[in-house]
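Listed in order, the protein sequences are those of chains A and B. All residue numbers for the first sequence refer to this note's numbering, where the first residue is 1 and numbers rise by one. All residue numbers for the second sequence refer to this note's numbering, where the first residue is 1 and numbers rise by one.
Derived from the structure by calculation, the hints contain no laboratory data. A few of these clues could be false.
[To be verified] Label-pair restraints from in silico Cβ distances:
no.	chain 1	residue 1	chain 2	residue 2	range
1	A	Asp79	B	Ser269	29 to 39 Å
2	B	Arg172	A	Arg246	37 to 47 Å
3	B	Arg172	A	Arg226	33 to 43 Å
4	A	Asn265	B	His124	27 to 37 Å
5	A	Arg164	B	Arg262	39 to 49 Å
Don't be surprised by glycine CBs; every beta carbon is placed ideally from N, CA and C.
Number of protein chains: 2
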Amino acid sequence: MKIGVFDSGVGGLTVLRALLPRIPDAEYFYLGDTARLPYGSKSQATIARYAVSSSQFLIDQGCEFLVIACNTASALALDEIGLTAAPYAVPVVGVITPGAAAAAAISQTRDTLVIATSATVESHAYSAACESHGLRSIEKACPLLVPLVEEGWIDHPVTAEVTRIYLSELHRQASNASLVPDTLVLGCTHYPLLREVFEAGVRELWPGHPAAVIDSAEATAREVERQLNASFSNRPAAGIRSPATRFYATDSVVKFRQLGTRFLNQPISDVELVDLGG
Amino acid sequence: MKIGVFDSGVGGLTVLRALLPRIPDAEYFYLGDTARLPYGSKSQATIARYAVSSSQFLIDQGCEFLVIACNTASALALDEIGLTAAPYAVPVVGVITPGAAAAAAISQTRDTLVIATSATVESHAYSAACESHGLRSIEKACPLLVPLVEEGWIDHPVTAEVTRIYLSELHRQASNASLVPDTLVLGCTHYPLLREVFEAGVRELWPGHPAAVIDSAEATAREVERQLNASFSNRPAAGIRSPATRFYATDSVVKFRQLGTRFLNQPISDVELVDLGG
Numbered sequence: 001m002k003i004g005v006f007d008s009g010v011g012g013l014t015v016l017r018a019l020l021p022r023i024p025d026a027e028y029f030y031l032g033d034t035a036r037l038p039y040g041s042k043s044q045a046t047i048a049r050y051a052v053s054s055s056q057f058l059i060d061q062g063c064e065f066l067v068i069a070c071n072t073a074s075a076l077a078l079d080e081i082g083l084t085a086a087p088y089a090v091p092v093v094g095v096i097t098p099g100a101a102a103a104a105a106i107s108q109t110r111d112t113l114v115i116a117t118s119a120t121v122e123s124h125a126y127s128a129a130c131e132s133h134g135l136r137s138i139e140k141a142c143p144l145l146v147p148l149v150e151e152g153w154i155d156h157p158v159t160a161e162v163t164r165i166y167l168s169e170l171h172r173q174a175s176n177a178s179l180v181p182d183t184l185v186l187g188c189t190h191y192p193l194l195r196e197v198f199e200a201g202v203r204e205l206w207p208g209h210p211a212a213v214i215d216s217a218e219a220t221a222r223e224v225e226r227q228l229n230a231s232f233s234n235r236p237a238a239g240i241r242s243p244a245t246r247f248y249a250t251d252s253v254v255k256f257r258q259l260g261t262r263f264l265n266q267p268i269s270d271v272e273l274v275d276l277g278g
Numbered sequence: 001m002k003i004g005v006f007d008s009g010v011g012g013l014t015v016l017r018a019l020l021p022r023i024p025d026a027e028y029f030y031l032g033d034t035a036r037l038p039y040g041s042k043s044q045a046t047i048a049r050y051a052v053s054s055s056q057f058l059i060d061q062g063c064e065f066l067v068i069a070c071n072t073a074s075a076l077a078l079d080e081i082g083l084t085a086a087p088y089a090v091p092v093v094g095v096i097t098p099g100a101a102a103a104a105a106i107s108q109t110r111d112t113l114v115i116a117t118s119a120t121v122e123s124h125a126y127s128a129a130c131e132s133h134g135l136r137s138i139e140k141a142c143p144l145l146v147p148l149v150e151e152g153w154i155d156h157p158v159t160a161e162v163t164r165i166y167l168s169e170l171h172r173q174a175s176n177a178s179l180v181p182d183t184l185v186l187g188c189t190h191y192p193l194l195r196e197v198f199e200a201g202v203r204e205l206w207p208g209h210p211a212a213v214i215d216s217a218e219a220t221a222r223e224v225e226r227q228l229n230a231s232f233s234n235r236p237a238a239g240i241r242s243p244a245t246r247f248y249a250t251d252s253v254v255k256f257r258q259l260g261t262r263f264l265n266q267p268i269s270d271v272e273l274v275d276l277g278g
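This is chain A alone, in the form it adopts within the complex:
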């Protein structure tokens, strides 16, 4: 089984990291479209064009299943990616629906907060997915968090302060709308690296009943496993061999290796440079 995992950069490696132990009997092809990142500040037309060419590349490598680990591409281009994959009968799973489902599975109040890139928030893909799971939601774009993570300021007072400002705004919006959120969905693959900062922030702003912080990577990996088991019933049992991984990037492979290791939480050896045009 060849599984393609696609992100605009290295953030989607947190999804690959969740997939590896869960579906070890697979060959993984990870593509980071680093020459054209970030997607989160760009228009739907541009994001769709980039996501389609990236997905086509993974299909051309023989991938039989596509995981769109990029929240922005999942929010704005899942239909276009689906149309690209359909002629090859390649299923496509994004991160938005699993993330909303994970919040729905544990929310008692049925109110949730979502933080994401500007493009993801403007698409309202998360609020639609939450609504279909019976959740009310408030979304907030947090454009500074990706640059802060990429600068390596993970455990840094400036990052704590920026997070506090964004969460305060969410708190104000939730109060105005009379929502009692008990879940906070991390709607961008960079954000899990700031999990402790978010957990401190929600404890400070909602003392007594802090929202649970939800990372869609684990939920997405579970959904991929479920679909694989349902569609490919003759799959060998998990755990019989270790997964193989191949990495592709559209810009500097050195930078991908360095930054990616932090997201995958294990060394990345070979990365192949690919040209998707542009």
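Given chain A, work out where chain B should sit, using these hints.
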């Protein structure tokens, strides 16, 4: 006279703003390669590829002179752009040499500080340009400043704090190298919007002898004027008619108009969407 002005985004509009009153008898073609920005975090090969296709577009519009308003493209791709423009006999002016010359023109101590994107700093184009003007320099990448400007956090305590952190690091490096800097070159077109923040920062860190803050936009416009007067001796005298401007962007024209107005300091009416591939 058709003058092409190129940047990865809207930042280069600060250079266009300096050109308009100085060379009003021209028709300006401004291209922001917004679908592929930022350049400052990418590799030389990718930056050169993007800069060459952008420059070719402006030449195809009939531009007779190219101004590379993007510091990163000037630092890493000026040779490649020159090779692209040479067959058309189109002169090319970047922002690095004029910026270094402006520092050299006023520095008494012959020591200068340069802040820029990661790619610009890693290229050491500024230190080479400074050295050729008899200046010693210390360079520092400031990757968070562009996102802070784009978030609109111009007059914001977080931006002041981030600037203080970057300038403190420069101060430490300058002290270690026994430099006495009296000039600070803003080596990215986004930074002039933070001029007051930098001026406050250098007053705090170097009390008594704060460095003068240098914006290369004005220096670049002067260099373009000098070259035009030298090469096109039959130019009509300046001021006889108002300049015409055309704007092109590779991503959302709405966003370009909104954000660009702040950089150009005047309303931008029509922006045309262009596809450079990718």
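Structure-based check of all given hints:
Against the hinted window of 29 to 39 Å, the Cβ-Cβ separation of Asp79 of chain A and Ser269 of chain B comes to about 33 Å, which satisfies the hint. A beta carbon spacing of about 42 Å between Arg172 of chain B and Arg246 of chain A agrees with the range 37 to 47 Å that was offered as a hint. A hinted range of 33 to 43 Å is violated for the C-beta pair Arg172 of chain B and Arg226 of chain A, which are about 53 Å apart. At about 33 Å, the CB distance of Asn265 of chain A to His124 of chain B agrees with the hint of 27 to 37 Å.
Hint check: Arg164 of chain A to Arg262 of chain B, Cβ distance near 26 Å, so the stated range 39 to 49 Å is violated.
Figure legend: structure checked against the earlier numbered hints; hints not met, in rising order: 3, 5.
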